[in-house]
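Could you build the full structure based on these sequences and the hints that come with them?
Chains A and B supply the protein sequences, listed in that same order.
Heads up, the first sequence is in this note's numbering, so the first residue is 1 and it goes up one at a time.
Heads up, the second sequence is in this note's numbering, so the first residue is 1 and it goes up one at a time.
Please keep in mind that the hints were generated in silico from the structure rather than gathered at the bench.
There may be inaccurate statements among the hints.
[To be verified] Mimicking BS3-like on lysine-lysine, the simulated pairs with C-alpha atoms at most 25 Å apart in a straight line are:
{"hint": "1", "chain 1": "A", "residue 1": "Lys24", "chain 2": "A", "residue 2": "Lys53"}
{"hint": "2", "chain 1": "A", "residue 1": "Lys123", "chain 2": "A", "residue 2": "Lys113"}
{"hint": "3", "chain 1": "A", "residue 1": "Lys24", "chain 2": "B", "residue 2": "Lys33"}
{"hint": "4", "chain 1": "A", "residue 1": "Lys102", "chain 2": "A", "residue 2": "Lys141"}
{"hint": "5", "chain 1": "A", "residue 1": "Lys102", "chain 2": "A", "residue 2": "Lys113"}
{"hint": "6", "chain 1": "B", "residue 1": "Lys231", "chain 2": "A", "residue 2": "Lys102"}
{"hint": "7", "chain 1": "A", "residue 1": "Lys123", "chain 2": "A", "residue 2": "Lys135"}
{"hint": "8", "chain 1": "B", "residue 1": "Lys231", "chain 2": "B", "residue 2": "Lys33"}
{"hint": "9", "chain 1": "A", "residue 1": "Lys53", "chain 2": "B", "residue 2": "Lys231"}
Being a predicted model, the structure only gives us computed values, none of them experimental.
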Amino acid sequence: MRRRVFNPELVPDIYQEVLLTLHKARHTYEPSRPLGPWLFTVARNSVLDALRKGRKFAEREVPSENLPETIRMEVDGSLDDQLYAALQTLPDLNRQAVELLKLRGLSLEEAAKQLGVSVSAVKVRAHRGYEQLRKLMLEKKK
Amino acid sequence: MKRKATVPMRSKGMAHVHGQLVDRIVSDAPPVKPVTSVFNQWLLWLILSAVVMGLWLWNLHIQANAGQVLSHMPPRAFLLTAYLGAALAAWEAISSSLPGRQMGKGYLVFSLLVMLAILCIPFLLFYPAGQSYDVWGSFIGGIECAQHVVLVGVLPWVLLGWRLSRNASFRPSWTGAWSGVSAFLLGTVTVQLHCPGWDARHMVSAHLLPAVFLIFFTTFIGSFWFARWRK
Numbered sequence: 001m002r003r004r005v006f007n008p009e010l011v012p013d014i015y016q017e018v019l020l021t022l023h024k025a026r027h028t029y030e031p032s033r034p035l036g037p038w039l040f041t042v043a044r045n046s047v048l049d050a051l052r053k054g055r056k057f058a059e060r061e062v063p064s065e066n067l068p069e070t071i072r073m074e075v076d077g078s079l080d081d082q083l084y085a086a087l088q089t090l091p092d093l094n095r096q097a098v099e100l101l102k103l104r105g106l107s108l109e110e111a112a113k114q115l116g117v118s119v120s121a122v123k124v125r126a127h128r129g130y131e132q133l134r135k136l137m138l139e140k141k142k
Numbered sequence: 001m002k003r004k005a006t007v008p009m010r011s012k013g014m015a016h017v018h019g020q021l022v023d024r025i026v027s028d029a030p031p032v033k034p035v036t037s038v039f040n041q042w043l044l045w046l047i048l049s050a051v052v053m054g055l056w057l058w059n060l061h062i063q064a065n066a067g068q069v070l071s072h073m074p075p076r077a078f079l080l081t082a083y084l085g086a087a088l089a090a091w092e093a094i095s096s097s098l099p100g101r102q103m104g105k106g107y108l109v110f111s112l113l114v115m116l117a118i119l120c121i122p123f124l125l126f127y128p129a130g131q132s133y134d135v136w137g138s139f140i141g142g143i144e145c146a147q148h149v150v151l152v153g154v155l156p157w158v159l160l161g162w163r164l165s166r167n168a169s170f171r172p173s174w175t176g177a178w179s180g181v182s183a184f185l186l187g188t189v190t191v192q193l194h195c196p197g198w199d200a201r202h203m204v205s206a207h208l209l210p211a212v213f214l215i216f217f218t219t220f221i222g223s224f225w226f227a228r229w230r231k
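This is the structure we're talking about:
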């Protein structure tokens, strides 16, 4: 089997497929006849079918690098133009909270310390900012 | 250069678990009744199809001057070649559905030559000299014969298909095609024994063409029906 299957990662799967097919086709073995031809025919056809199936699957497969990203980032690391423009329209208090938490990656405590407000206030401002951003992006999409 | 596949070695514990799993599958598997040999399946089908043919001929009536017609070589040659083709096709269908029992290329070439002969014999031995051939007109004129070919062939095909579906075909479309050739050629033979039309145009359009069309149908159905054992 290893002579036919060049990809070593596929060998265990195809081996399992061959055993399963042998099990399903066991009623077609005639005990009065030699085992070899029966065994090799089942194994050979199972390998060919499994390779064919694998090839079909590979044709439909999309590499993860080609999948669209949920948030498109520019090469220089800045946000998508539309999202950036929407962020600029937010009220300053909400925009600052979103920028500190999501763009600069600060924790709630750090953001609260930098803004000079309580953690709860940062949470409320950030929440309002997310809601406003969501509405703006949806409107632009429509 | 010989390519070497590198497969990670299984651990001893893994091999033990694997062995246990295989033992469990083997002990849980119910005993199966082995299928009968190709020859037995083929013989059983020939007997059953001969019974079906006989019943249809009893119903349709054999042509009135059958004795006189069959005393000549051309009708005998056509009927015997068609029946031989049906028998060869049935053998091919059955053997292709049993792993390790597939026939060699020589058998396939011989079978295809017989099929070619079945199509050629009417033109060589029964074509009225100097007359034109309207395929569609001949088909419409012999629509009743075409219907009979279909009706006679359906039951032998279902019987053969039922038998083949219990085997394990790795080429279900191929098996389906040969089962169709076999069953509907029997239909052709039966109708040819009933119908007094020994004109090549009628024989091909009304007796052989329906069989050819139905082979596409049996190939399509066979690709599903004879692959069910793998589900």
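Hint check results:
1. Lys24(A) <-> Lys53(A): Cα-Cα ~18 Å, so holds.
2. Lys123(A) <-> Lys113(A): Holds: Lys123(A) and Lys113(A) sit about 13 Å apart, inside 25 Å.
3. Lys24(A) <-> Lys33(B): The hint holds at about 13 Å.
4. Lys102(A) <-> Lys141(A): Status holds; Cα separation ~22 Å.
5. Lys102(A) <-> Lys113(A): It holds: about 16 Å lies between the C-alpha atoms, which stays within 25 Å.
6. Lys231(B) <-> Lys102(A): Between Lys231(B) and Lys102(A) the Cα gap is close to 51 Å, so the pair fails against 25 Å, i.e. violated.
7. Lys123(A) <-> Lys135(A): holds (18 Å)
8. Lys231(B) <-> Lys33(B): Holds: Lys231(B) and Lys33(B) sit about 19 Å apart, inside 25 Å.
9. Lys53(A) <-> Lys231(B): holds (15 Å)
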